[in-house]
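Visitor: These protein sequence lines are chains A and B, in that order. Each residue of the first sequence is one higher than the one before, counting from 1 in the numbering used here. Each residue of the second sequence is one higher than the one before, counting from 291 in the numbering used here.
If you are wondering where the hints come from, they were derived from the structure by calculation, not from laboratory data.
The following label-pair restraints were derived from C-beta to C-beta distances:
1) B:P338 / A:T287: 50 to 60 Å
2) B:E532 / A:T287: 15 to 25 Å
3) B:E532 / A:E197: 23 to 33 Å
4) B:E336 / A:T287: 57 to 67 Å
5) B:Q488 / A:K192: 18 to 28 Å
6) B:L294 / A:R86: 55 to 65 Å
7) B:R334 / A:A72: 38 to 48 Å
Just so it is clear, the structure is predicted and the values come from calculations on it, not from any experiment. Yeah, the Cβ is synthetic: ideal placement off N, Cα and C, and Gly gets one too.
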Amino acid sequence: MAVSALRELSAELDFFTSSAAVSRELLELDLYPPLPVSPSCLIWGFHILKEAEEAGKDKLACRLLPDPTPPAMLRLALRLESRAGRYSWLEQEACLDFLARRAPAASPAELARLLSGKTDPRLPERIGSFSRLEPSLKKLVAEGLLDLKSASRLRLLPDSVYRRLAETAGGLTFSQRRLLLSRLEEIGRREKLKEPELLQLLAEALNTEDPPETLRRRRYPVLTGLEERFHSLEHTVLEKSGIRLEAPPCFEGEEFTVSFSFRSRAGLARKINRLRALEDQSDELFTLLR
Amino acid sequence: MSSLHYYADLIHKIYVEAELTESPRFRSLRPRLADFPLQVVDSREEIPSGDLNQHTLYLCRPRGKTVGRCPGSKGHICCNYLTVDLYLGCPLGCAYCIMKSYLNFAPLTVYLDTRPTIKAIAAIAEGNRDRMLRVGTGEVGDSLLLDPLFELSGELIQALGHYPNLYLELKTKTHFVDHLLDIKDKGNTVIGFSLNPQSVIDAYEGTASSLSLRLDAARRALAAGYLVSFHFDPIIWSAEQEGEYEELLSALSGFPGNRIAWISLGTLRYTPELREKLMDEDFLLEEFVPCRDGKYRYIQKVRSRIYRRFRERLAEMCGCPVYMCMESGAVWHNAFGNSPREIPGVSDIFIPARGVK
Numbered sequence: 001m002a003v004s005a006l007r008e009l010s011a012e013l014d015f016f017t018s019s020a021a022v023s024r025e026l027l028e029l030d031l032y033p034p035l036p037v038s039p040s041c042l043i044w045g046f047h048i049l050k051e052a053e054e055a056g057k058d059k060l061a062c063r064l065l066p067d068p069t070p071p072a073m074l075r076l077a078l079r080l081e082s083r084a085g086r087y088s089w090l091e092q093e094a095c096l097d098f099l100a101r102r103a104p105a106a107s108p109a110e111l112a113r114l115l116s117g118k119t120d121p122r123l124p125e126r127i128g129s130f131s132r133l134e135p136s137l138k139k140l141v142a143e144g145l146l147d148l149k150s151a152s153r154l155r156l157l158p159d160s161v162y163r164r165l166a167e168t169a170g171g172l173t174f175s176q177r178r179l180l181l182s183r184l185e186e187i188g189r190r191e192k193l194k195e196p197e198l199l200q201l202l203a204e205a206l207n208t209e210d211p212p213e214t215l216r217r218r219r220y221p222v223l224t225g226l227e228e229r230f231h232s233l234e235h236t237v238l239e240k241s242g243i244r245l246e247a248p249p250c251f252e253g254e255e256f257t258v259s260f261s262f263r264s265r266a267g268l269a270r271k272i273n274r275l276r277a278l279e280d281q282s283d284e285l286f287t288l289l290r
Numbered sequence: 291m292s293s294l295h296y297y298a299d300l301i302h303k304i305y306v307e308a309e310l311t312e313s314p315r316f317r318s319l320r321p322r323l324a325d326f327p328l329q330v331v332d333s334r335e336e337i338p339s340g341d342l343n344q345h346t347l348y349l350c351r352p353r354g355k356t357v358g359r360c361p362g363s364k365g366h367i368c369c370n371y372l373t374v375d376l377y378l379g380c381p382l383g384c385a386y387c388i389m390k391s392y393l394n395f396a397p398l399t400v401y402l403d404t405r406p407t408i409k410a411i412a413a414i415a416e417g418n419r420d421r422m423l424r425v426g427t428g429e430v431g432d433s434l435l436l437d438p439l440f441e442l443s444g445e446l447i448q449a450l451g452h453y454p455n456l457y458l459e460l461k462t463k464t465h466f467v468d469h470l471l472d473i474k475d476k477g478n479t480v481i482g483f484s485l486n487p488q489s490v491i492d493a494y495e496g497t498a499s500s501l502s503l504r505l506d507a508a509r510r511a512l513a514a515g516y517l518v519s520f521h522f523d524p525i526i527w528s529a530e531q532e533g534e535y536e537e538l539l540s541a542l543s544g545f546p547g548n549r550i551a552w553i554s555l556g557t558l559r560y561t562p563e564l565r566e567k568l569m570d571e572d573f574l575l576e577e578f579v580p581c582r583d584g585k586y587r588y589i590q591k592v593r594s595r596i597y598r599r600f601r602e603r604l605a606e607m608c609g610c611p612v613y614m615c616m617e618s619g620a621v622w623h624n625a626f627g628n629s630p631r632e633i634p635g636v637s638d639i640f641i642p643a644r645g646v647k
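Modelling step: build the complete structure from the supplied sequences, incorporating the hints.
Guide: The structure is reproduced here in structure tokens:
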């Protein structure tokens, strides 16, 4: 079929962005799957068509299907694409959207199987969650900068926050980004922050060495206060003593732990002296747990 | 709200286990259930998936062990309460309910034959005559929400009231006590009311009764000769709520201390699984930390301060036993100055029963 004629056909199924490339050499030898077409629509092979145009080919091998239903066309396209489990969120969304527009009564169950390569009844629901995300948040997920589950939980942050974060995406790990956003939202909800205040807080956090930690301290002020008092006490009493003082995790419990090593009687005596100083401060230490 | 209209809204369908349909208990109950769509099934598995929800009742006989120990929580002190399942599941819809994480897709189950339960409790009471036994039906469901319809609690009260060492507790967030008031031999039956300020009830306790209705019901229960108990659990704490809890504690001063069997305290706690279902709740915006049992609680120092305040106020007012539910030894020492086994009045509550697995 003439390449120019193929371009005249409907391209509503042209939504695969990561199709396996066809080499120019194979194209010249006509060693590629024939492109399925309906009377009005190119069903699959848009990447082959593009490559043919660039190579200056004027014809491509095609197979005309007389009257395929929309679900049959999508099924065929997915089978030829053959990337089950490796479709992007945007590709999956486009498939589901096509099905919803052209065959609203069709069950998405088979589509889910072709997309994921397994029985996954909740995939359509997840694709729906992706579709409902704010545009900039959706972009973060589509680009693999944030997972869908975390993104779906974020409901109250303005789009500008996600845009700002996307600008600095390279400077944060996946996990840091997730923590940063969830903490920012929780702080925003608790302190009833408005958009400019949220952006200001995000900017401040991003200017620090550890942005998620900066927000953790604001999100957990009481716990942070306990940590600061503990470290201050430890620093004052035990600095350079070689004695390690540990509080119970999250100040939950009743015991502190000290550990140290020594290699002489004099060394031991020095440690004991510093521990006596710690004993003098222990009332304050224990108030952290009471 | 204990009228048939109330239950008509609550219950959309009733399934009955086939083996139960010929029992005198079910036959006597049948006219009362005449207005509900009712279907006989061989087992729970026959209930269609569309009906596996909290608007469906499943009436069946108890299965397996009828009396058990409260499962407790690793690293935390358990009061060794004994639990009986009469009503399994609760449709009240409290936002913080742990049952949300595992009972959502299940019908409300009513174990209609109380005889095995009564027999088991009686045997435990006989074998523990030297100690106080506390047995409650409110662990996995509200003790009284469906009770006006099925009247199972009355059977337990009448059958077990003569054991002087047995305290049967019926714990509720409703005010449905009137069907129990005329029972003659109440023994040490305790009607337990879960309490929270009205603002917390409005925000988080679904369709549970209002605070004033619960307190009025407690007064009626007392007047009829029952002991009462109060459960501040979960205490949902915030700076705004502090004053409201103070007011609520003051409201208890009108109750005679010697008729309050006990008061329990427990701050809000949740499992990681439950947290997944509670993402939008504002109470999660307070500071919670993971504890040794894997549940999240307010920071120990914060909890200790809350409990100290409750203990001090309650000690001023009523002098009845006050204890904490699922708290660590550290918090017991911080708030009560000792472990529960060393506190007069509380220690009896914590003695475990013999012969219960």
